[in-house]
Structure formats: C-alpha cells, structure tokens
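Visitor: Sequence:
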Amino acid sequence: MSLGDVDLARIGLGTNRLTNTQHNVAFIRQAIEAGVQMIDTAHSYTSGQSEVTIGEALSGARGNFVVATKGGIGGPGQGKPEVLRAQIEQSLARLRTDRIALYYLHRVDPETPIEESLGAIKEYQDAGRIEHIGISEVTVEQIERARKVVAVAAVQNEYSITQRKYDAEVDYCTREGLIFVPFFPLRGETPRQVADVARRHHATPQQVKLAWLLRRSPAMLPIPGTLSPEHLKENLAATGIQLSDAEFSSLS
7 MSLGDVDLAR IGLGTNRLTN TQHNVAFIRQ AIEAGVQMID TAHSYTSGQS EVTIGEALSG
67 ARGNFVVATK GGIGGPGQGK PEVLRAQIEQ SLARLRTDRI ALYYLHRVDP ETPIEESLGA
127 IKEYQDAGRI EHIGISEVTV EQIERARKVV AVAAVQNEYS ITQRKYDAEV DYCTREGLIF
187 VPFFPLRGET PRQVADVARR HHATPQQVKL AWLLRRSPAM LPIPGTLSPE HLKENLAATG
247 IQLSDAEFSS LS
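Using our numbering, you'd call the opening residue of the sequence shown number 7 and step up by one each time.
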C-alpha cells in the first residue's frame, strides 16, 4: 500500500485524545520508531493540542511516514471555503510544516456543496501546501462527486467488525485503488467468535479485530487510537496474524 512515494505499513495511529505533554511528544517519536507510518490527527482534536504535539515531536524529522489531518467539522457552515482556508493555515502552523501530506474534508457540510469545500482544499494542493486529499464519513455517491473535483487518495469512515455500515464504500475503494482508513476500528462489543479465534492464535481480541480488517480488504489501513507504547506495539503486531478462510468467514 502506498500514498504517493511513501510505502505505508498497514496499521497507523489515531490521535483524537492526544494532549500536549512531553510524555506524548515522546510517545509520537516512539510510534515512528516502532514502525508507524500513518499518524492521523485533525484540526478539532483536543482543541488543537493533537496537531501541536505532533508538530513538536516531528518538526524537522525526515522519514518514510505521513501525517494526515482534517478540517471542516463541528456543524453547519464548517465546510465553507473561508472556514477551511483558516483551518488549513492553523494546521500548517501547528504541525510546523509548509506542506501537509494528506488533508481530509472531515465532514460534508449540509450547507455547502462538497464541490465548494473541496475546491478550497484544492487551492492549497495547487499551491503545493497539500499533497494528497481525502474525504471522511462519505457514501459512494459522495466519493464519486468528490472525484470530479479532486483526485481522492483516501476515504476515512467509521468501520469495524461490528460496525459494517460502510461495506459498499470499502468495496468501492478496493476496486478503485483508494486507501480506506477505518476510524474507531476497535469500537463495539467483542463477539464470542473473536475471542475463540484470539485464543487459537495466542492473540488479544483487539489484534484479531485488526487482523479481520486487514483481511477484509487490501485497501484497509486502520488507525486505532492509543496513548500507550505497549498497546501501540500490540496493535502493530496484528499484521502478523493470518486468519484462515474459515476463521474470516466465521468472523464476518
């Protein structure tokens, strides 16, 4: 799986609870050292502290990783071009960068056509300030509308073994070669079948849930959130779990 010229490991890191502490600055650096190549944040996360922390941790860092952020959430009107432009400028400053690798429209604004919102983001792409563009919590119809305006690189929707609302969108991204980034990939109850498979693989149920996502589609790149180095390493180790056809079928 790749985004531009970056080959991505298939499990990233969500940072919606990341606050600006020296412990968390060190944690972000540890995540990169552990092999995380997709760090996902947003303008709205922890009132901007998530982006600030990532900016402090990775300012000037070079490596094979991507920092993705998002703008345009919080209610009607948040997808207006002038709102997005202001949020993009703030994100660039917080992240201490002159170019954002991947920028999502966080939500489709009910008051603003998706074409207008994406047009504002494309201005920054054309100016070299944003490299790739994604969209979040969208349907196939909205993805297709978006692709008439920009080259959509990634789609980020809520999706997990127990939340299957966006099955059609997963299949669409798989066919079209778009990265599908499920957020809250571990949310929800743990079905009995998951616990059974976990015991057979000497793994945790959370690792099996991630392994199921990776088997579900080659386009899948989950971003489980954690603030623990131990949990981070556990999540990354899920890439080594190979589910059999029978196990995948029982979990599905």
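I should point out that these hints are in silico values taken from the structure, not numbers from a laboratory. Where a beta carbon is used, it is the ideal one built from N, C-alpha and C, also for glycine. Heads up, some of the hints might be wrong.
[Stated by the list, open to error] Distance windows between CB atoms, simulated:
hint, residue 1, residue 2, range
1, Glu164, Ala92, 19 to 29 angstroms
2, Lys239, Glu147, 31 to 41 angstroms
3, Glu164, Asp104, 17 to 27 angstroms
4, Ser53, Ala32, 39 to 49 angstroms
5, Asp104, Arg153, 40 to 50 angstroms
6, Ala174, Asp251, 37 to 47 angstroms
7, Gly81, Lys154, 20 to 30 angstroms
8, Glu195, Arg68, 38 to 48 angstroms
9, Glu117, Ser65, 12 to 22 angstroms
10, Glu121, Thr25, 47 to 57 angstroms
11, Asp173, Glu95, 48 to 58 angstroms
Visitor: Which numbered hints are broken by the structure, listed smallest first?
Guide: 3, 4, 5, 6, 9, 10, 11
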